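S.K.: Put chain B on the given structure of chain A with help from the hints.
There are 2 protein chains.
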Amino acid sequence: MSAKPLIFITNDDGYQAKGLRALIDAVKPLGEVLVVAPDGPRSGMSSAITSLQPLRVHRTEENEGLQIYACTGTPVDCVKLGLSELVRRKPDALITGINHGANSAVSVLYSGTMGATMEGCLFKIPSIGFSLDDHSLTADFGDAKKVASIITKEVIGKGLPSGTCLNVNIPKKYKGIRVARQTKGQWVKEFVKSKDGSGKDVFWLTGHFRNEEPDAELTDEWAIRNGYVSVVPTKIDMTDHDYIPEIKKWENLI
Amino acid sequence: MSAKPLIFITNDDGYQAKGLRALIDAVKPLGEVLVVAPDGPRSGMSSAITSLQPLRVHRTEENEGLQIYACTGTPVDCVKLGLSELVRRKPDALITGINHGANSAVSVLYSGTMGATMEGCLFKIPSIGFSLDDHSLTADFGDAKKVASIITKEVIGKGLPSGTCLNVNIPKKYKGIRVARQTKGQWVKEFVKSKDGSGKDVFWLTGHFRNEEPDAELTDEWAIRNGYVSVVPTKIDMTDHDYIPEIKKWENLI
Numbered sequence: 001m002s003a004k005p006l007i008f009i010t011n012d013d014g015y016q017a018k019g020l021r022a023l024i025d026a027v028k029p030l031g032e033v034l035v036v037a038p039d040g041p042r043s044g045m046s047s048a049i050t051s052l053q054p055l056r057v058h059r060t061e062e063n064e065g066l067q068i069y070a071c072t073g074t075p076v077d078c079v080k081l082g083l084s085e086l087v088r089r090k091p092d093a094l095i096t097g098i099n100h101g102a103n104s105a106v107s108v109l110y111s112g113t114m115g116a117t118m119e120g121c122l123f124k125i126p127s128i129g130f131s132l133d134d135h136s137l138t139a140d141f142g143d144a145k146k147v148a149s150i151i152t153k154e155v156i157g158k159g160l161p162s163g164t165c166l167n168v169n170i171p172k173k174y175k176g177i178r179v180a181r182q183t184k185g186q187w188v189k190e191f192v193k194s195k196d197g198s199g200k201d202v203f204w205l206t207g208h209f210r211n212e213e214p215d216a217e218l219t220d221e222w223a224i225r226n227g228y229v230s231v232v233p234t235k236i237d238m239t240d241h242d243y244i245p246e247i248k249k250w251e252n253l254i
Numbered sequence: 001m002s003a004k005p006l007i008f009i010t011n012d013d014g015y016q017a018k019g020l021r022a023l024i025d026a027v028k029p030l031g032e033v034l035v036v037a038p039d040g041p042r043s044g045m046s047s048a049i050t051s052l053q054p055l056r057v058h059r060t061e062e063n064e065g066l067q068i069y070a071c072t073g074t075p076v077d078c079v080k081l082g083l084s085e086l087v088r089r090k091p092d093a094l095i096t097g098i099n100h101g102a103n104s105a106v107s108v109l110y111s112g113t114m115g116a117t118m119e120g121c122l123f124k125i126p127s128i129g130f131s132l133d134d135h136s137l138t139a140d141f142g143d144a145k146k147v148a149s150i151i152t153k154e155v156i157g158k159g160l161p162s163g164t165c166l167n168v169n170i171p172k173k174y175k176g177i178r179v180a181r182q183t184k185g186q187w188v189k190e191f192v193k194s195k196d197g198s199g200k201d202v203f204w205l206t207g208h209f210r211n212e213e214p215d216a217e218l219t220d221e222w223a224i225r226n227g228y229v230s231v232v233p234t235k236i237d238m239t240d241h242d243y244i245p246e247i248k249k250w251e252n253l254i
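First to last, the sequence lines map onto chains A and B.
Under the numbering used here, the residues of the first sequence are numbered 1 to 254, in order.
Under the numbering used here, the residues of the second sequence are numbered 1 to 254, in order.
Hints are computed from structural coordinates only; laboratory data are not their basis.
Certain hints may be false.
What the hints assert, rightly or not - Capping the alpha-carbon separation at 27 Å, the derived lysine-lysine pairs in DSSO-like fashion look like this:
#1 B/K146 x B/K158
#2 B/K124 x A/K249
#3 B/K248 x A/K153
#4 A/K248 x B/K248
#5 A/K249 x B/K173
#6 A/K184 x B/K249
Bear in mind that the values here come from a model prediction, so they are computed numbers and not experimental data.
So here's chain A without its partners, still in its complex pose:
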């Protein structure tokens, strides 16, 4: 008898997040589920790791085929600690989310959801990050669950290439899937200046994304804005291989 697939889940909104529960519900019929998630919100933590403080972890829930652990670290810490200390076998998939808010375009760089996904990928586990394009407290994850279930099932069945994971962003209402690339652009007008209690200047991070290619159809931003789930295959090798020959001559600088 072959064991059911083991699905490892984490997120960056914390183990009590509604989106995490939606993701568990979505994939529970596909296998055994192990959750190791931060003990509170860790948005914008990227691939940050904790080395100057110790990590703590405790089990918050145990049911048939489902265990949930809360960890004091970042999303990547959760993956590292879970894979090193808590799993009894290599997971068949590592999935993250469902994030409260999109992680499209360059947000892939800041996202704890995607940081954790890339970490799973480093350990050669087929890994997928799921995000819903809705930050509101009343966000409805119902339709997003269907997407998470379908894509996770596909990936468990067929795998992913070594070194590549998926960044999946889901609009509130969708009419299909588009395989896309990361949109070019950057966040602008990023700070609101205000005063603290003693009148000193403080700066709050905010801003909005400026899309450099709003009309480009094969981008994740275009897909989401036009009612499609975007699926971006995302590499952990960040080398610009095409540029290597251009600067080969720099080897003569020293």
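M.R.: Showing chain B alone in chain A's frame:
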């Protein structure tokens, strides 16, 4: 009269780090220098950003052609806040480091030094991260300064392609430069389990890098281990473009 080049500097070891001072010394002859660095160590912060707390910044030093600010945030916060609130013109280069310890191979994903470098790149500033392969308190940055000066000068003169920055790792003693790619591998044996003061389990992140391709000559790890400065052109577009056609058929899943 044209203005001197403006060089923006940050790091992840904090504004008092020896490696930061070495980097200032190295490039001061090339232009005007503005430093916005964390007010303490922020190693392993990747591209993390701070949105739930306000940021504070204060000037710690002002000399002819040199200003230094300390900021309460992450390395990426320092770049964002500096570019948004502190610069009077667009920097001609954004350089980071010199980091205490290498940021080769997959460490590019965890590194605050490289997070800040990629952030500069997002803002279309030619950006370079410098790291010395020496964690010791007594590390000698003398030879690394020469590398930082030569490469920064080259980049100010010739620029870099939009969307590509450089990850430069410097061994203690070097005999030349090698343009390289990011080495494949992952960190393993990552945790030491110990007890806190009340006897509860805690986990400390540690471990070592397992190189999956130790004999591959065109990698950054090979270069450093063989006495060369490694220069890896690093892209902020993480899309696996080659894999897009393979999963195009997934558009029919919904």
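S.K.: Now, for every hint given, state plainly whether the structure supports it.
M.R.: We went through each hint and held it up to the structure:
1. For the hint linking B/K146 to B/K158, the alpha-carbon distance of about 18 Å falls within 27 Å, and the restraint holds.
2. Between the alpha carbons of B/K124 and A/K249 the distance comes to roughly 23 Å, so the proposed pair stays at or under 27 Å and holds.
3. Restraint check for B/K248 and A/K153: satisfied, since their Cα atoms lie roughly 17 Å apart, inside the 27 Å limit.
4. At roughly 35 Å between alpha-carbon atoms, A/K248 and B/K248 are farther apart than 27 Å, so this suggested pair is violated.
5. For the suggested pair A/K249 and B/K173, the alpha carbons sit about 21 Å apart, so the restraint of at most 27 Å is met.
6. A C-alpha spacing of about 24 Å is found between A/K184 and B/K249, which places the hinted pair at or below 27 Å, so the restraint holds.
In summary, the one numbered hint that this structure violates is 4.
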